[in-house]
Amino acid sequence: MIEIKNFSKSYGNNVVYENFNLSLEEGKITCLLGASGSGKTTLLNALAGLTGYGGEMPKLKCSYIFQNARLVPNLTVRGNLALVCKDMTKIGEMLERAGLSDKAGRYPVSLSGGEAQRVAIARAFLYESDILLMDEPFSSLDIKLKYKMFDLFFGLREKDKRTVLMVTHDVDEAVAAAQRIIIISDGKIKYDFSPDTPVPRKAEDSAALREKTVRFLLN
Amino acid sequence: MKKFFHGKKLNILYSVIAVIFMWVVWIIACHIADNPLLVPSWNETFREIWQCLKSGEFWIALGGTFWRTIAAFAVSFALAGVLAALSCIAPPLRAGLRPVIAFVRILPTLAVILLILRWTESDKNVAPVIVTVLVLFPMIYAQIMAAADGVDGGLKDFIKVYGIKKREALFKIYLPAVCPNVLAQTGANVSLGFKIMVSGEVLAFTRKGVGGLMQSANLSAMVARLAALTLIVVAVGIVTDILFSQFARITYKWSKKDADD
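Chains as they are written, first to last, in the working numbering: chain A, 1 to 219; chain B, 1 to 261.
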């Protein structure tokens, strides 16, 4: 279990979290769902050590897939992966699995948004971390590309059952990928449920879960 | 006509018009002054330019000035680069350097050269170099720090989350991110350095330097020669700026095009 205890965070007079508690099951995909500005990214940034906070956070090695790929522009795709992993064999295998072998020598400027995000996903899986944080990683992509990214994500996750904490405001993203969905509002957990259908979800399972999740969100 | 002069050609046309305008102003000023010891005629000045270009002494002086400028630029760049890198790694050093840099930046150049001439016991070659370094170093340091501060915040987060080692972050992320901005200003920096060097040489009366030749022409009241040397300095400054800017442009291929390794 990864335990977050009494997490508190404010920006000036704006209290985002006060004594927030959360337990994450290891090896599971948990999704924090909430409206924009509900403090989802703040929680990820605190876990990643990017922002100060009050309370107790576990010291974890984190991989982080940001909203945009955040690739180093002067390094090729291979060079970007080599920043987080020194084993060239592993890098070669990852490039192959992510379908990036033919892009290995390209610079980020010549990649499309989808290709750059593929590199970011490959980089996150290549880095040996305790948890994978995902901050609305596919929000800027069109629906077709979004589902391609999910295919890649679940393809890479087949061999690597890493704990994942994903935040999003997109119900479809949460429904497609999450084994546990937590709806937060005003820094508090509003709903917390674990659908029993396996991920990646089939269309018929998604439809029912989507309806339930939207109902909770609007409640 | 309109079809022929567009884009780059139009810019060249405007430049030619500006040069002709300055030339006309010169002719008018020459007529108004009516004294070659105040404003020399343009044909006399161009005759002097030709005389300079034919003389070996001039080329030795130009080479000397250019060499000292490059040396001063190299010292300033290396010093600024090392201190900027250390400032990025250790923020307290940056805070400590702030008043030092501010002090160096506001030092009155001409007064300093007189002091340096006393300290270096009349070494007329070293004093202009030191003054040029004193002008260029704080400027280049500020340019590097501004470029470092401009590195994408997202990349800084990536470095922190993925625990990228400081050395690797410096050489693989920060330096390449900073270089295009800093190198783009190299041409302007070197040409400014050249200008400062000539001023320093004038004051120090450096024998093998364009500034020394200028001072010599001034003492002999050879105004046309002085104007000729001034025009040559301007031309060298422009050529230096263009050459170094072109060099800088080809050093960062990754920001423009694709490359397979």
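If you're looking for bench data, these hints aren't it; they were derived computationally from the structure.
From the three backbone atoms N, C-alpha and C, an ideal C-beta is built for every residue, glycine too.
A few of these clues could be false.
Pairs of lysine-lysine residues, derived as DSSO-like cross-links and limited to a Cα-Cα distance of at most 27 Å, are as follows [claimed, not checked]:
| # | chain 1 | residue 1 | chain 2 | residue 2 |
| --- | --- | --- | --- | --- |
| 1 | A | Lys-144 | A | Lys-161 |
| 2 | B | Lys-166 | A | Lys-90 |
| 3 | A | Lys-202 | A | Lys-148 |
| 4 | B | Lys-172 | A | Lys-86 |
| 5 | B | Lys-166 | A | Lys-28 |
| 6 | B | Lys-160 | A | Lys-61 |
| 7 | B | Lys-160 | A | Lys-5 |
| 8 | B | Lys-9 | A | Lys-59 |
| 9 | A | Lys-61 | B | Lys-166 |
So the derived label-pair ranges between C-beta atoms look like this [what the hints assert, rightly or not]:
| # | chain 1 | residue 1 | chain 2 | residue 2 | range |
| --- | --- | --- | --- | --- | --- |
| 10 | A | Gly-52 | B | Val-239 | 51 to 61 Å |
| 11 | B | Gly-150 | A | Val-214 | 37 to 47 Å |
| 12 | B | Leu-13 | A | Thr-51 | 34 to 44 Å |
| 13 | A | Phe-216 | B | Asp-149 | 37 to 47 Å |
| 14 | B | Phe-171 | A | Lys-90 | 20 to 30 Å |
Computed list of chain A residues with no C-beta within reach of chain B, every gap over 10 Å [to be verified]:
| # | residue |
| --- | --- |
| 15 | Asn-6 |
| 16 | Ser-8 |
| 17 | Lys-61 |
| 18 | Arg-70 |
| 19 | Asn-74 |
| 20 | Gly-113 |
| 21 | Arg-123 |
| 22 | Leu-156 |
| 23 | Arg-157 |
| 24 | Asp-186 |
| 25 | Asp-192 |
| 26 | Pro-198 |
| 27 | Asp-205 |
| 28 | Arg-210 |
Each hint, compared with the structure:
A threshold of 27 Å between alpha carbons decides the hint, and for Lys-144 of chain A with Lys-161 of chain A the separation of about 25 Å falls inside it, so the pair holds. Taking the CA atoms of Lys-166 of chain B and Lys-90 of chain A, the gap is near 23 Å; set against the 27 Å cutoff, the hint holds. Between Lys-202 of chain A and Lys-148 of chain A the alpha-carbon distance is near 15 Å, which keeps this suggested pair within the 27 Å criterion. Distance check on the hinted pair: Lys-172 of chain B and Lys-86 of chain A sit about 14 Å apart at the alpha-carbon level, within 27 Å; holds.
Among the hinted pairs, Lys-166 of chain B with Lys-28 of chain A is inconsistent with the structure: their alpha-carbon atoms are about 33 Å apart, more than 27 Å. Proposed proximity of Lys-160 of chain B and Lys-61 of chain A is supported: the alpha carbons are some 11 Å apart, at most 27 Å. For the suggested pair Lys-160 of chain B and Lys-5 of chain A, the alpha carbons sit about 23 Å apart, so the restraint of at most 27 Å is met. A hinted pair counts as satisfied when its Cα atoms are at most 27 Å apart, and Lys-9 of chain B with Lys-59 of chain A does not qualify at roughly 62 Å.
A hinted pair counts as satisfied when its Cα atoms are at most 27 Å apart, and Lys-61 of chain A with Lys-166 of chain B qualifies at roughly 17 Å. The hinted range of 51 to 61 Å is satisfied by Gly-52 of chain A and Val-239 of chain B, whose Cβ atoms lie roughly 53 Å apart. Distance hint check: the CB atoms of Gly-150 of chain B and Val-214 of chain A are about 42 Å apart, consistent with the given range 37 to 47 Å. For the pair Leu-13 of chain B and Thr-51 of chain A, the supplied restraint of 34 to 44 Å is violated, since their beta-carbon distance comes to about 56 Å.
At about 44 Å, the CB distance of Phe-216 of chain A to Asp-149 of chain B agrees with the hint of 37 to 47 Å. Look at Phe-171 of chain B against Lys-90 of chain A: about 22 Å separates their beta carbons, and that is inside 20 to 30 Å. Every C-beta of chain B lies more than 10 Å from that of Asn-6 of chain A, the closest at about 23 Å, which supports listing it as non-interface. Even its closest Cβ contact with chain B, about 22 Å, leaves Ser-8 of chain A beyond 10 Å, as expected for a residue assigned away from the interface.
Its closest Cβ contact with chain B, about 7 Å, brings Lys-61 of chain A to no more than 10 Å, contrary to its assignment away from the interface. At roughly 4 Å, the least C-beta separation between Arg-70 of chain A and chain B is not larger than 10 Å, which violates its mark as non-interface. Here Asn-74 of chain A does not stay apart from chain B, with its beta-carbon only about 4 Å from theirs, under the 10 Å limit. A cut-off of 10 Å between C-beta atoms confirms that Gly-113 of chain A is not in contact with chain B; the least separation is 15 Å.
Against the 10 Å criterion, Arg-123 of chain A falls within the reach of chain B, whose nearest CB is about 8 Å from its own CB. Residue placement check: Leu-156 of chain A keeps its beta carbon more than 10 Å from all beta carbons of chain B (closest about 17 Å). For Arg-157 of chain A, the requirement that its beta carbon stay farther than 10 Å from each beta carbon of chain B is met, with the minimum near 19 Å. Every CB of chain B is more than 10 Å from the CB of Asp-186 of chain A (nearest about 26 Å), matching its label as outside the interface.
For Asp-192 of chain A, the condition that its CB be more than 10 Å from all CB atoms of chain B holds, with the nearest at approximately 26 Å. Every CB of chain B lies more than 10 Å from the CB of Pro-198 of chain A, the least distance being 30 Å, so the non-interface label holds. Remark: the non-interface label on Asp-205 of chain A is consistent with the geometry, its nearest Cβ contact in chain B lying 33 Å away (cut-off 10 Å). Every CB of chain B lies more than 10 Å from the CB of Arg-210 of chain A, the least distance being 31 Å, so the non-interface label holds.
In terms of the numbered hints stated before, the structure departs from hints 5, 8, 12, 17, 18, 19, 21, listed from lowest to highest.
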